[in-house]
Amino acid sequence: MDFDLMITSFPKLLGATLVTLKLLSASLFFGLFLGLFFAILRLSKNTFINKFAYGYSYIFRGTPLLVQIFIIYFGLGQIEYLRTTFLWVILKEPYWCAIIAFTLNTGAYTSEILRSAFQTIKPGIIEAGKSLGISNKIIFYKIQIPIAIRQSLPAYGNEIILMMKGTSLASTVTLMDLTGVAKYIISTTFKPIEVFIVAGGIYLFMTFIIHNVIKYLEKKYSFQQ
Amino acid sequence: MELLAFGKTGWGDELFYATLMTIAVSITAMLVGFLFALIFTPLKLSKYKTLNLVGNFYTTVIRGVPELLVIYLFFFGGSGAIMYVASIFGYYEYIEINAFITGSMAIGIISGAYSTEVFRGAIQSIDKGQFEAAKVLGINKFGQFYKIILPQMLRLAIPNLSNVWQITLKDTSLISVTGLVEIMRQSYIAAGSTRDPLFFYSFAAVLYLLLTYISMKLINKLEVKYSRGY
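Protein sequences appear in the order of chains F and S.
Count along the first sequence from 1, then add 821; that gives the number in the numbering used here.
Count along the second sequence from 1, then add 261; that gives the number in the numbering used here.
Isolated chain F (complex conformation) (with noise of 0.2 Å):
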């Protein structure tokens, strides 16, 4: 065990956990939007834009998050077309590409917590709601809304663990994240149980503040109080 490796290490890779929190923290915030906004197409009548969302979100299910990643970053740059556009500004950071694709993926997995929230709102709620003539708008923003994210909260809770997790993919378009500097680390040192050490341990405090912080909502909006 080399313990002067794992003090001098451990301020690097807390540096770097800030661009892992960075990149986390914006793809959870676009991804619930994109996750909502598909939940809803989910729940439409018209088949075609079911299908679609149905879509979406079995491709982006179904395949590894570094295949996502590595079409975004690499392969998209490729369309001459799209390197005229004002995409190109963002498109060429691996920062952005990386956070458009961890948005897309988490928003597949987010549609369907939530689609899967909606669908167990009992419908008495709903018709209690229009008895007492609230409007179809108010009821789902007021009543739907509110309940399916409470639904939702552990689920959403794993969720968010996992897209942590996921943002280690970063490291493989070039970006310093805490994997990237945990590899960068153990690749110039060869000491790999140290750094893992840290860097897991760095991870592991991320997944048991998450978890409490879901365990502590879940209790605070819980029916039954």
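Please keep in mind that the hints were generated in silico from the structure rather than gathered at the bench.
Every residue gets a Cβ at the ideal spot worked out from N, C-alpha and C, and that includes glycine.
Treat each hint with caution, since some may be false.
[To be verified] Covered stretches of chain S, going by a simulated chain F footprint (3 or more residues, C-beta under 8 Å):
| hint | segment |
| --- | --- |
| 1 | 337-345 |
| 2 | 444-458 |
| 3 | 470-480 |
Once you've looked at the hints, dock chain S against the given chain F.
Showing chain S alone in chain F's frame:
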């Protein structure tokens, strides 16, 4: 389309073999995972606190740390660890483990953590009366597990195991960083030499979709088989 031709002119045969490699790694990893689950599920269900702790440590650490980091640990640390063990037995030559073994071990350990959780959940949801009835009937320990608990457990575990399989299959793409030529690595090579990454990575995505689709169909059949009578 000529990019996918078989033989020397295209990448069809290379990608075909790469797909077989992905399947082989996934199956090996899944089996290694079962082996780990076989060890750690009893630990998690044990009456003893220390054994529980060991089981929980394994599942918590593996499920809380990115797969890529575990793979790097095995990739950079694997041969060092084996050489250390060998040096105890007086063997000091350089030992290199091939990428297939490193990869399937790394993915296997990850998959094992998920399988352990699935088996634990399945066993815990079997009615206590079943264990007691088996005991009362005087069936021996082996028969109790093999004839009574296992069949009931499988029915409950298969839907979740199918998720574990999907995760494992997708995780194998990460082994490409170690140089094992599976779908992802082959696409990377092909994309590099033809300068057509969009096509090859999209094709890789299609291959993965195909694999997940086919395995879902097969698992659904298994599910039907094991839930007959319900």
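Each hint tested on the structure:
1. Residues of the segment 337-345 of chain S with a Cβ under 8 Å from some Cβ of chain F number 3, which satisfies the need for three, so the listed coverage holds.
2. For the segment 444-458 of chain S, the assignment as covered by chain F holds, since 7 residues bring a beta-carbon within under 8 Å of that chain's beta-carbons and 3 suffice.
3. Figure legend: the segment 470-480 of chain S, annotated as covered by chain F; annotation consistent (3 residues with Cβ-Cβ distances under 8 Å, at least 3 required).
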